[in-house]
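For reference, the chains in residue letters:
Number of protein chains: 2
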Amino acid sequence: MVSDKMLQLGRHSSVIRDIFEYGNQRRKEIGAENVFDFSLGNPSVPAPDFVREELENLLVNTPAEVLHAYTSAAGDSGVRLAIADYIRNNFGYPAESKHIYMTVGAAASLTVTLNAIVENGDEVIAFAPYFPEYKVFAETAGAKFITVNSEPETFQIDAKALYNAINVNTKAVIVNSPNNPTGVVLTEDSIKRLADILDRRSAEFGHPIFLICDEPYRELAFGNAIVPYVPLYYKNTIVCYSFSKSLSLPGERIGYIYVASQMEEADMVFDAVCGAGRALGFVCAPAMFQLLVKRCLGKTVDISIYNRNRTLLFDSLSSYGFSAVYPDGAFYLFLKSPVADSYAFCEKAKDYELLLVPADDFGCPGYVRIAYCVGTEQIERSLPAFAKLASYYFGGDK
Amino acid sequence: MVSDKMLQLGRHSSVIRDIFEYGNQRRKEIGAENVFDFSLGNPSVPAPDFVREELENLLVNTPAEVLHAYTSAAGDSGVRLAIADYIRNNFGYPAESKHIYMTVGAAASLTVTLNAIVENGDEVIAFAPYFPEYKVFAETAGAKFITVNSEPETFQIDAKALYNAINVNTKAVIVNSPNNPTGVVLTEDSIKRLADILDRRSAEFGHPIFLICDEPYRELAFGNAIVPYVPLYYKNTIVCYSFSKSLSLPGERIGYIYVASQMEEADMVFDAVCGAGRALGFVCAPAMFQLLVKRCLGKTVDISIYNRNRTLLFDSLSSYGFSAVYPDGAFYLFLKSPVADSYAFCEKAKDYELLLVPADDFGCPGYVRIAYCVGTEQIERSLPAFAKLASYYFGGDK
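Sequence order for the protein chains is A and B.
Each residue of the first sequence is one higher than the last, beginning at 2 in this note's numbering.
Each residue of the second sequence is one higher than the last, beginning at 2 in this note's numbering.
Next comes chain A alone, as it looks inside the complex (with noise of 0.2 Å):
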C-alpha cells in the first residue's frame, strides 16, 4: 500500500528519539530538575537578542508583500551575495554567489548535494562516527554508504584506510567538523592529508570526488581550535551549511549549499543542485529568515557557556575516572563506556537518571554521546550522579 522503504524509516526512529521520550516520563514522574538529559543536540543558548531585533525590524521596515515573497529558487539575490561576500572576506575564499543555494536547514543541504551528484551504482564515504541520518540521505540518493573509521583516540582521518575505501565507485567523502558526536575538530594536517588523497584517488579513477562538507558547528570552537575552511585545500568541496546552531535557529531551518567556485565545472555542479532542490521541492528557503541571515552574518550565540559546560564535564567526568576525547567544538562529550555494550552502560546510567546516547547508531559501539548544551545549573546537579556511576563501575574512590 506504502512505499517499503520509507515505511520502515518511519516507524524506526532514532535511538535519540526513544531516550528524549524516556525523558519526558521520567521529568512528569520525579520532575524535571531531577532528570539529567544529555539526549538532544537542541542548542540551550537562545538565539540572541540581536536575532529578534533583526526580526522585528524586518517585519516593521519591509511591505508584506515583499519580505514573505517567493524568492528565487536559489534564494534571495542580496542574501546570495552577502554569504559569499562573507566567505571571501573572512575566509579568503574567492567565493561567487551564483554558487550559492539557500536551504531549508542542514538537512535539507545534505539532501540536495547528494541528490544533484549520486548516480546509481556510486558509493559515498562518510567517518565513523558519523551522524546517522547520513546513511539514509546517502542511501535515498541511491549511493552505498561505506563507512571508514576515524583514528581511535584521536577522532583524525585515518588516512590509510580512507585510501583503501575509495574506488573507481566513490563519488563523495562526508567529513564532519567539529563532529558530532565526538566534539572533534579536524586539523589543518588532517584535511591536508585528505586532499592529498582524494586529488590523487580523483585522478587514478578518472573522475572527481566530491567532498562534502557538513558544518553547522562551524563556529562552535573553543579556546586555540581552528576550523580549516575545506574549499582552500581541496576544489572539488561543497560546503553544507546550516545557521541551526551558530544563531540557535535549530527549528527555523535555514542554511545553504555552497559549490566551490574553484570547482571543475562548478556551474554545472550548481545546476545539478537547482535541479535536485526542484525535484525534492526545496525552492525558495524561507524567505524572512533568508533576510535574518544575511544582517547576522559572522555573529553567533554566546559560545562562552558550551565552553563553559565543556570544561566542567570534561574534567570533572576525568576526575571521577572517565575516559573521554577532549572536545574542541560542538556541544558534544564522547565518553568511552567503561563496558564494551554501551547500551547496558547508557541503561545503568538511567538508574542515576542520566540519559546518554549509546554512540552504536552512530557507527561506534563502546562509546556514548553526552549533549552538554543544556544549562550549566543542570551539568552541576549531574556531577553527583556520574560521580555515583563512575563509582559502579570503578568502584568508591575515584
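It is worth saying that the hints were derived from the structure and are not from the lab.
Where chains are identical, the list cannot tell them apart; a pair therefore holds if satisfied intra-copy or between any two copies.
Derived lysine-lysine pairs resembling DSBU-like cross-links, with alpha carbons at most 30 Å apart:
hint, residue 1, residue 2
1, K6, K136
2, K295, K99
3, K29, K295
4, K351, K337
5, K6, K236
6, K99, K6
7, K99, K236
8, K99, K29
9, K349, K29
10, K145, K6
11, K351, K136
12, K161, K136
13, K300, K99
14, K193, K236
Once you have looked at the hints, place chain B on chain A.
Frame of chain A; chain B shown alone:
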C-alpha cells in the same frame, strides 16, 4: 560527474520563469508601469496585518529558546491539534492530529506524500491541464506519470477517461481544486463521480488508490462556489495543503499533509509519510511559522481584490472577443488561444507588453494562463493592450 537527471531538471527551468525573467528585462528597458506581467502566481494581496501582529506577539512573548527550537519531526503537537480541530469544526470530518504532518509548503507536501506511497512500477495520474511540477515530483518518487484530459470547455473531470486510465499499477490520482491553471473548482458532482470510480477500481484491482488533493487555493473561491472537502467523499484521501495563498506567505513555505483519518491503515500511511519526510530531509517545518498559522486558522487575505480582478478581466476579455473558462477560484484565467499555436500567441502578446504563459507545459496546448494576482490598476492599464491584441486576431470591430 553529477546526476544527469538532476542536471537536466536544473538546466531546463520552467517557461513561466523564462517569461518572468523576460519581464524583468523589459521592466528595466521601458519601466515597470509599461509591462503587463501576468506570468507568475505570486500573491499580490499582501499578508494581512494580523499576520504581522501575531509574528510580533510571538517574538515578544515567547522565549527565543522555545520559539525557534526544534519541534518534533511531524511538527509542534499544539499546532497539529489546532489544525485537526479546525478540520473537524469547519468541514465536519473526524480529523485526528496524529495524522497531520507539518511541511515546508505545497511542494514539500507533494514530494513527501509521493515518496511515501510510490513503489517501483507504480503509476500516478493527474488531470491535464496540471501544475507542471507534478510530473517532476511523481517521476522523482519513482512513478510513471500519466495524464488524463479534463472535459473540454468545463475542465471538470472526464470520468470515462479516468476510468480507462486506471490499471493495476495505479497508485494515486492527483486533483487540484481550485485549479492552477484553469481557475476551475471541481463540483461536488465531479468529486462524487471521482470517488465512485476510485472505489470501484480499487476493489477491482485489490488495492486502495490514493487520492491526493493539492489544495493551496482552497480559500480562494468566489461567489457561490463551494470547494467540497474531499475526505468526506473518499476515504483514501491525502490532503496536501499550503498557507502560501490563503495568508499570502508564499516565501515562508508552510503547509501540511493530512492523511485522512478514516483511511484504511491511516496510521501506517502516516508512518510512511514520516519516513519520506526523514529521507528527503523534511523534518520539523519552520517553527515560528508553525506557531503563526495556528493563530491564523480560518483567516485569509482579503480575497475580494482577486474577485474584482477576476470579474474585470473576464468581462473585458470576453467583450474583446476572447474565449475563456469562467474561473470560480484561484487567481488564474485560462484563455483559449485564437490560434492553435499558443507560443505564437504569447509572442504576439509581447508586442503589446502583455506577458502570458502558454499552457503547453501544463499539458494543454492551445490555451494560455493569465495570473491575475496583480494590482487591479495593472489590469485596468493593460486593457487597451488586450483590446489591440484582440483587434490583431479578430479584426478592428471587436
